[in-house]
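Heads up: the sequence lines are chains A and B, in that order. Just so you know, the first sequence maps onto residues 593 to 881 in the numbering used here. Just so you know, the second sequence maps onto residues 28 to 338 in the numbering used here.
To be clear, the hints were calculated from the coordinates, so they are not data collected in a lab. Careful: at least some of the hints might be erroneous.
[To be verified] Derived lysine-lysine pairs resembling BS3-like cross-links, with alpha carbons at most 30 Å apart: (1) 118(B) x 233(B); (2) 118(B) x 141(B); (3) 858(A) x 842(A); (4) 681(A) x 55(B); (5) 842(A) x 698(A); (6) 282(B) x 741(A); (7) 116(B) x 141(B); (8) 741(A) x 858(A); (9) 55(B) x 721(A); (10) 666(A) x 721(A); (11) 721(A) x 37(B); (12) 864(A) x 836(A); (13) 55(B) x 666(A); (14) 55(B) x 741(A); (15) 836(A) x 858(A); (16) 39(B) x 55(B); (17) 282(B) x 141(B); (18) 37(B) x 55(B).
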Amino acid sequence: MASLSDAELAAMTQEERVKELGLTTEPLFGRSLLIEFNPDEEERFTYPWAPDVYYNKHEEIETDGLTTTQLNNKLTALMEEGVGTITIKNPRGMHSVGVGILNRLKLVIDGSLGYFAVGLIDGPNVHIKGRVGWSCGENMMSGTVVIDKNAGSTFGAAIRGGDLVCRGSVGSRTGIDMKGGTILVGGDTGALSGFMMQRGRMVVCGNAGKNLGDSMYDGTIYVGGEIQSCGVDAVEEELTDLDKAWLTRKLQQYQMMPDKGVDHFKKIVSGKMLWNYDNLEPSEKKLIL
Amino acid sequence: MCGIAGLIHKGKSSNVGSEMTAMLQALKHRGPDSTGYAVYGEATAGDYVMRIKVAEREDMDRGRGIVDVLASRIAEIESILDEHKAVVKSKEEATPYALRYVITHSGDTEELAKHIEEADGVEVLSMGNGLELIKDLGDAAEVADAYGLNNFSGTHAIGHTRMATESDVDIRSAHPYWAFPYNDVSVVHNGQITNYWIMRRQMERKGHRFMSNCDSELLAVYTADNLANGVELEESLTRSIQEIDGVFTYLVATKDQLGMAKDTMAAKPLVLYESDDLIAMASEEIAIRAILPQEIDTTDPYDEEVRVWQA
Chain A
593 MASLSDAELA AMTQEERVKE LGLTTEPLFG RSLLIEFNPD EEERFTYPWA
643 PDVYYNKHEE IETDGLTTTQ LNNKLTALME EGVGTITIKN PRGMHSVGVG
693 ILNRLKLVID GSLGYFAVGL IDGPNVHIKG RVGWSCGENM MSGTVVIDKN
743 AGSTFGAAIR GGDLVCRGSV GSRTGIDMKG GTILVGGDTG ALSGFMMQRG
793 RMVVCGNAGK NLGDSMYDGT IYVGGEIQSC GVDAVEEELT DLDKAWLTRK
843 LQQYQMMPDK GVDHFKKIVS GKMLWNYDNL EPSEKKLIL
Chain B
28 MCGIAGLIHK GKSSNVGSEM TAMLQALKHR GPDSTGYAVY GEATAGDYVM
78 RIKVAEREDM DRGRGIVDVL ASRIAEIESI LDEHKAVVKS KEEATPYALR
128 YVITHSGDTE ELAKHIEEAD GVEVLSMGNG LELIKDLGDA AEVADAYGLN
178 NFSGTHAIGH TRMATESDVD IRSAHPYWAF PYNDVSVVHN GQITNYWIMR
228 RQMERKGHRF MSNCDSELLA VYTADNLANG VELEESLTRS IQEIDGVFTY
278 LVATKDQLGM AKDTMAAKPL VLYESDDLIA MASEEIAIRA ILPQEIDTTD
328 PYDEEVRVWQ A
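Bound conformation, chain B alone (with noise of 0.2 Å):
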């Protein structure tokens, strides 16, 4: 089934963090196997932040030797930064598996992510100016607690609790998605896409990767394969409502916008809020009302319906 939400405060900054976990608890009864976030803080021209992934939370449990298999992982990726003259500015480890690097770097950050993911059991989870990509087992309170997000400042940020269906209960198939290779860019989706592995095929055959076998990941690389060629994200995402077959709710933040698209039946919901300075959604009103307890307007967007909102 699923949850999506989404957020994005016009023109300020706010505790998307805490916002974002709130929504996201609201909608745990769609999906307890795995939560993720996007969330967008304040961009440092020149500075990108790292999420990266250097194991499955199962692979903690086989025993003492992981530790020093971590540790070679860690310290590949950083003679790997070294070696594209990236300055680590600070590291911090939220689990032991997944560790957050804010880098100074000037080069191609395509080249430099996709050497970091040569090393074995390595995934760029994202490599953003402002986005920073947050996915883990369990729920939004335990993962906001686990990565430190409940004091989060930022404009946007998109959520998804994920009910596994066609993938593993895994890191690797949890949302959202990192458009690789834009920098900050992510993807949630609530539905089935059904002609799947003819567009991967399609996607790898231009050379994108595609780290797992969950469809949702589809929509992220889509995205990415529409904006290197230069297409807007409003005219992606209503292209893909032709392009892509399924049924499908899904929403795509980048640097300064939050975009969403609801396939030709309407047949995954969204429940959507708009004010002067706030526009919230989410797949039940119940997560909304989680942040906005008071009396609103909602609605819900139809059929082939395509929204983008600027911050």
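In isolation and in its complexed conformation, chain A is listed as follows (with noise of 0.2 Å):
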């Protein structure tokens, strides 16, 4: 390696220099890759101390008067009792809502709500019928969050599993440190989306924009519009026929098929130039960057 001068290796292919350089191409394998391409096994998963619920139990909250906490407690009594259909009414964008959740649960949000929405949930169906601020679904397990209007910043921040959609447009940073799972946006996303993804997808149907998928270790990110421009080692790669049916499929799901199908979608993944990025020499980190 040290033998190579900077014009050898610059005229290399990605591949051969990655090769020269003792950097690694092998795939990552996960939990949550295993739950997102095992649905069977991610049905069978339940917390031994999961209540029983039933979905033809539906139960209603008013969320007047009540604190987040309160709020939170009441969702938590109800599936001890049961209860497994609960519609929060018109919670006007508080925050916290439904964080927590690890149970299945159909769980409707008649409104909108605020900060850290549904964070931290492994197994529930959430439909959220209006729009949600800063970091919705951060840190899901598994599950489905599907909001019916606009996301704010760190959408699906380090999720691990599940679905996590979008119909609207959300903000900057979404996906964020993400690990598993999927995160779908109808319309456009902000800035440094996919910032240092590591595992998981993210499909875009609108633009993304800038510095998409910085420093990205592995995942997929899909893009049905323009890109302002890709982040450090973020790079495209050709769709394959496997890309366009997981595509397809995923989208028929939330039934949000772009008019034009999916072969226009651009792939980007990580070059993966950054692995290993401290053991390399100044002169090949420069070489990289």
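Put the complex together from the two separate chains, hints included.
Structural data, given as structure tokens:
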């Protein structure tokens, strides 16, 4: 490696350069990918203390006069009574609603939520009829969350599994540090989406802001519209038949298939040149960046 | 963290005092240290509303002598007004240390404001045709009660709830800031300006005055400097994104406009609601819902986004 000159390295293809620099191209596997590709296993996955709930048992909660803690405690109490379908009426942008639900549940939010909506969830199916503020679905592990309107920044930050869907547009830093699962966006996404992404898939039907996928380690970002710019080490790759089949299945599942289909989507992946970055010589770092 | 909020009614007045109070109270958790308002009422040509501070609130704990000190400062202010041939039409004391004067004045208001601020411990918070700038320690409900803001009719307003980080918990470091000497220009900000001292020295070399060490004041001074050089508000906001380093979202209000700018990283939040007759924005949607409880559509402005609305 040391005998190669900068000019020689520059003349190589990316794949050759990766090999010469002693970097790895092996794919990552983990629990989040297993959950994503094995729906049967996801269905069976429950916590031992999780109460049995029945979807045909339905309750409504009026949020008037309730604090976030009271509202979330009420959700827990209803699940312990076996209620499997809960509608929250008129939340008016309350923060931290539905956080930490580790249970099967159909949760309908009849309105809009503020920050940290349904973060850290593992299992519920959530439908939010309004919009959400920052950090919706942060660290969610499984389940589905569908938002009918727009979402704020850091949508799906550090998500590990499940489907997080926004039919409208989302803010900046969508899927920052995501470690699995799927993020679907019907509209546009802002700057630094997919920043330090590690696994999982993000689909943006509209446009993406600057520095898309900056410093991503792994995972895949699909963009149907224009990309303002890709970040460091995020590279475009050809869309394969497998990608198209997966995109078609996911977008049809949530009735978000664009009129143009999926052939026009761009696929962004990690160039994996930042792996083992600290082991590189300064001249090699310069070459990569 | 801090919370900011703004609203503008198109072509009509409303009770912007109580609306802004409801929005700021909903943002109290973002900054409990102080609350400030810049509200824009009916302008009367030739009349100026001067909001002035003659001491910090903590000064009031310094014993009986402070009463005499305040009385002498107020007398000095009134003597200066007299010297500048400013006719006092009314005078109100919201608190012992904060006064509201309505004056008729045909001279240079910058000269007048500078002269008044020569008095020890005195700061002119605003001097505008329509603008009234109020700020004090405590939450929005406390400040609105103390300053009678619950029935303030006007076209637009901006407000701020402050969590003090880089400067003291006092009135001089509270927002909004008046873009001295522009009679009706005010600024609120959420974020950190990282080239504050470099920019401040540039502005000071141009002769601008700073009353605090709060980085947000720079945005007011920067805006004032641009306006002084004939730059339109929208252009000033756009330039600021390139010239000012840091993470910030800030709002600027003028006599008949409300503008916003978001930094290049979009690191500080703003949620925006737009309808044909009302524009409302805040750090969190919960503040907008405080005045619009019905289901509404809102958006998050993106990085480097600049918008200006007309009253």
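Do the hints match the structure? See the list:
no., hint, verdict
1, 118(B) x 233(B), "34 Å, violated"
2, 118(B) x 141(B), "20 Å, holds"
3, 858(A) x 842(A), "16 Å, holds"
4, 681(A) x 55(B), "24 Å, holds"
5, 842(A) x 698(A), "20 Å, holds"
6, 282(B) x 741(A), "34 Å, violated"
7, 116(B) x 141(B), "21 Å, holds"
8, 741(A) x 858(A), "24 Å, holds"
9, 55(B) x 721(A), "27 Å, holds"
10, 666(A) x 721(A), "20 Å, holds"
11, 721(A) x 37(B), "29 Å, holds"
12, 864(A) x 836(A), "23 Å, holds"
13, 55(B) x 666(A), "25 Å, holds"
14, 55(B) x 741(A), "26 Å, holds"
15, 836(A) x 858(A), "11 Å, holds"
16, 39(B) x 55(B), "28 Å, holds"
17, 282(B) x 141(B), "21 Å, holds"
18, 37(B) x 55(B), "27 Å, holds"
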